[in-house]
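Participant: Residue numbers (UniProt numbering), protein chains in the order written: chain V, 1 to 163; chain G, 1 to 292; chain P, 1 to 781.
Quick caveat, the hints were computed from the structure, so don't treat them as lab data.
Check each hint, because a few of them may be wrong.
[What the hints assert, rightly or not] Where chain P lies over chain G, by a calculated footprint (3+ residues, C-beta under 8 Å):
| id | stretch |
| --- | --- |
| 1 | 57 to 70 |
| 2 | 188 to 195 |
| 3 | 271 to 277 |
We put the beta carbon where it would ideally sit given N, CA and C, even for glycine.
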Amino acid sequence: MQPDQHEIELTVNGTRYRRTVESRMLLSDFLRHELGLAGTHVGCEHGVCGACTILLESDPVRSCLMLAVQANGRALATVEGLASADGELHPVQQAMHAHHGLQCGYCTPGILMTMTAYLTEHPSPSEDEVREALSGNLCRCTGYQNIVDAMMDAAARMREEAS
Amino acid sequence: MKPAPFKYVLASSLDHALALKAEHGDEARFLAGGQSLIPAMNFRLARPSVLIDINGLTSLAGIDRPEAGQVRVGALMRYRALERDGEFLRSCPLFADALPHIAHPQIRNRGTIGGNLSHADPASELPALAVAMQAKMRIRSAAGGRTVAASDFFAGLLTTDLASDEMLVDITYPVLAPRSGACFMEVARRRGDFAIAGVAAVVTLDEERRCASVRLALCGVGETPVDAGAAALPMVGSRVTGESIDAVAAGVRELIAPSGNVHASADYQRHVAGELVRRAIRTAHQRISHAA
Amino acid sequence: MSTRFFGAPVKRNEDRKLLTGQALFIDDVELPGMLHVAFLRSQVAHARLKHIDVSRARKRPGVVAVYVAEDYGDYWQPCPLLVQPPPIPGSTFNPRTQVPLARDKVRYVGEPLAVVVAESRYLAEDALDDIDVELESLSAVVDIERALKSSSARVHDDLGSNIAAHVHQMKGDYRKAAANAQIIVKRRFRYEHGISSPIETRGVVAHWNARGQQMTIWDTTQAPVFIRNGLAAMLGLGERQVRVIAPFVGGGFGPKIMMFYPEEVALPWISMRLNRPVKWIEDRLEHFVATTHERGQIHDAEIALAADGRILGVKDVFLHDTGAYNTYGLTVPINSQCTMLGPYVIPAYDSTFTAVFTNLPIVTPYRGAGRQHGVFVIERLLDLAARELDIDRAEIRRRNLIPPDAFPYNNEIIFQDFAPLSYDSGNYEPVLAKALDAIGYQRFLKEEQPKFREEGRCVGIGIACYVEGTGIGPYEGAKVQVQANGKVNVATGIGTQGQGHFTSFAQIVADQLGIDPSDVDIVTGDTDQFYWGAGTFASRGAVVAGNAVNEASAAVRRKALKLASDAFECAEEDLVLADGKVSIAGIPGKFIRLGELAQRANPMRGAVRPGTEPGLESTQYFGPPSGATANGVHAAIVEIDPLTFELKVLRYVVVHDCGTVINPMILEGQIHGGVAQGIGNAFFEKLAFDDQGQLLNASLADYLLPTALDVPRMELDHTVTPSPLNPLGIKGAGEAGAIPVGAVFAQAIEDALQLTSRKIELLEIPLSPSRLFELTRQEGT
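Assemble the whole structure, with the sequences as input and the hints as a guide.
Facilitator: As structure tokens, then:
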């Protein structure tokens, strides 16, 4: 069987890419190995761990549960696009650093993407809401407490930025 | 964990999708949200040779009201869209209870109601809701269409009434009747996991506040969603009391035949199902009083 | 030396890379012409391998090579024993180590049978389907008790039984203790630990450069130096020809130190054979069987006590599941045996274990490494004894604590590091008192719990103590080097998997050299940067490598002062090392920057005098005589739904003592993470095998790692009793959070549900709502 190839065009972090991909290539593999955006990590490839979370338009999704070909014509955002061009960290990144919200850092990109999407929609969450919002991202190092604190702080930083 | 090769086709219309399915039959799968299908493909448990992507079929992604007292939900409606639709949640409050239990926001942003129901996982919440609400499932194929009741749609473990050339295109739910209360509850190991047991209950009272009807369906405790309405019949016609609720719970425990799994023994599932029935009926009943 | 940074919650140097997606993890290594590898793994637990036919797979387009055991030729050897058993007289140890690819027999589900090399991982997985395997199934050895029956199948045919090891250790005279006891409490305990399941699985990339005759291996290992030495020997290369790099590693927790995994053996050989770089990334399904586990023990234990609750002696006989091979020696069961003694005066101890081969994945240390098992047994025995003697649970513990003037306290038996189990230092009672105070123990029992019970709520409290042997030898080293630009480079041989070494080591250096921690660049896990070392395990990184970093930076400090005193022609005592420069005290304008000193230390002309060496650098090693013992107390208040048995942790308190603290922020993170894994172990994570050795829940949907909703907020406090065994006074902390959680949960749940009054005891971990239902129902009827 000849590989089933498709030409796709998509935007990631504001940059347009045009590639030919085999239909079965997972979006996570495409981002990491075809576009070199290796900040999106792969932890389980069955949609549970959340390490591969990216934004599809503005919605967080598992990039291991989408085919690259499905992203044709779509706009994606990954961890590489969070900090500003001059290197200033996004409030969620600043807060994670300030609160020691990461240890090995492997789950971190997915957590950052989940946080940004959630906080954009819910600027003043309670701790319970924050825990619920994080419940689809597994972290094995931190016990979550500092991530929760970081997310609460990031909310405050983002509110301040918005005001 | 990479999928086996397949041919991918982006369906340009419903007819196109159905024609492809008619052509390829069981070798082909529809790709909707992909949140169950793609993991299965990554594990190589599912190996379709053709994947028909229906995500472009916007006609399947809406909510409307075909008649008074009914809500029709397109198969391609994503969980998150339902979650954000306040009017829909007020009309069908079981969804307000159940949707947060479905996996996590990232999954709910992709997963679709039609994909969920067609996958027919018995531990999933929405099949139980469809049975409890006596939803009508509209099915299409290239050759025509038909409508089946939810209770006839779920045929077995991960099996539906859908023929190899058919697609579930929309689901019609009755809105919550007057003097009614609804409640969905479940026990899972972690938030977002499949239910060890879950109960959808809809209680309707008559004008004398006697029980006019109880709809009851369970997930997680059989090969299909279990319609436990029969166990609630003794309640109909009289006031809802703690004793009558207990009797229904006992009846449900006898009715179901859970098989147990790595998370729960069958006995525990049976026990919890009974307890959830108690709590769900009680809450549904309280919600009527609160509304009144 | 200043202590500006030592002890301060300095933010981490490594965060920026990790937060921006720029850190290099194993799967980020991309090389031109790289091939991808997939392994065919046994689907059955125990079988004779009759025949493998890979001819169809070899013909598949995109497949470059397929290998089976025979193709390895002389390269096929059972892997060397990683950890020798401690020299305990009278012990039996039957070493059987894993093989690179199964040859005559398969011994667990997941054991590799063949390896496919292809242009992509997708194609390599396709080709796995093309391989035909003929197996003759054998009865699977799964249950460790049945494994010891003479009728059992044998995992290793050449052994007369499934006994992997048998060890007896004792102190005092238990028989005499028992004879004098007021009561003896005896029970059977079952404790199962799970898998470490880091979010990043394992991976190996190997690149053989034929022109340069150099092998570079990227590996998610916790011990790169051992990997280099071992692979160089196996490949017939000199150690200088092999460079092993452990890049950023996405969590380890123990199993990433196992070696040699079959994949680590395969990839370099394949790269040499094909003269192309090759990559293998373990997928999550593989991880459940291909990465080592920690699993179960069954203890028949008894405790003898005086009427006042004083422990007279403890006796324990236990079985330990070691899996199909016992490459990691006796580390896990020895830890169980030693950790059982806890912070208590136990005059007599008689402990025997039998390690048992099974047709299950290999058991090696996972965070806690058998310590959980021992803590659970002793802590539960004390709970049971307290009840029988009608002594408060906390009080019986307090009465038995080793007093502060008894240190060093020699427990006489041999620990995993081959040294006698001697506690270096400790002051246990204040830790217990702080924990009781923090959780409000008395108030809870006297005021809060009765109120909860009136409301029909089932809320209970649990409290458990532990002592943790940490920071064992043999040694680590560090090279500290001042660069011409004034930045300081530090290289050590350990690997790092999120422990914050890039920051905590930088703090040590910063204080010694009067610079900012952000000006210290730490390199870990690159054997070309640092040649010697052991690895990151047994809560030893900060203790052993940290002290080596301290010694090396102190030596650099001395060199810098010497060089500056020569330059200024003044006494060293008159010099101040701060802000990246050496200045003369009282004359701030008169200074010389560290970078300039580094340049002067490497002159282009003139001579380096005899007895000195060029460069402003030093390499130093540190090896503790034995491990430092940390200790702590965990306390929790939990609520159980009495009908569904769902659990909610209302409070969780940890008070611990791990000696001097380098970075309290990082330390707290270690404790948080440990507790979270402990909670997983206590209530969520269970490896469910059927009687054929198949793992029934090999996915993250069914193997339940705790989420942000399952781990409560933790309240932490600590005391500081420095270790006398190292100049910095540090004790390890990596495993402390995880160790006593099971004991705390069992006790708190018993208390919440008032099981004692119903004569129900929770003598096993993990628990779950379903299991609690079964246990309470059995006894109730």
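Participant: Tell me the numbers of any earlier hints that the structure contravenes, in ascending order.
Facilitator: 1
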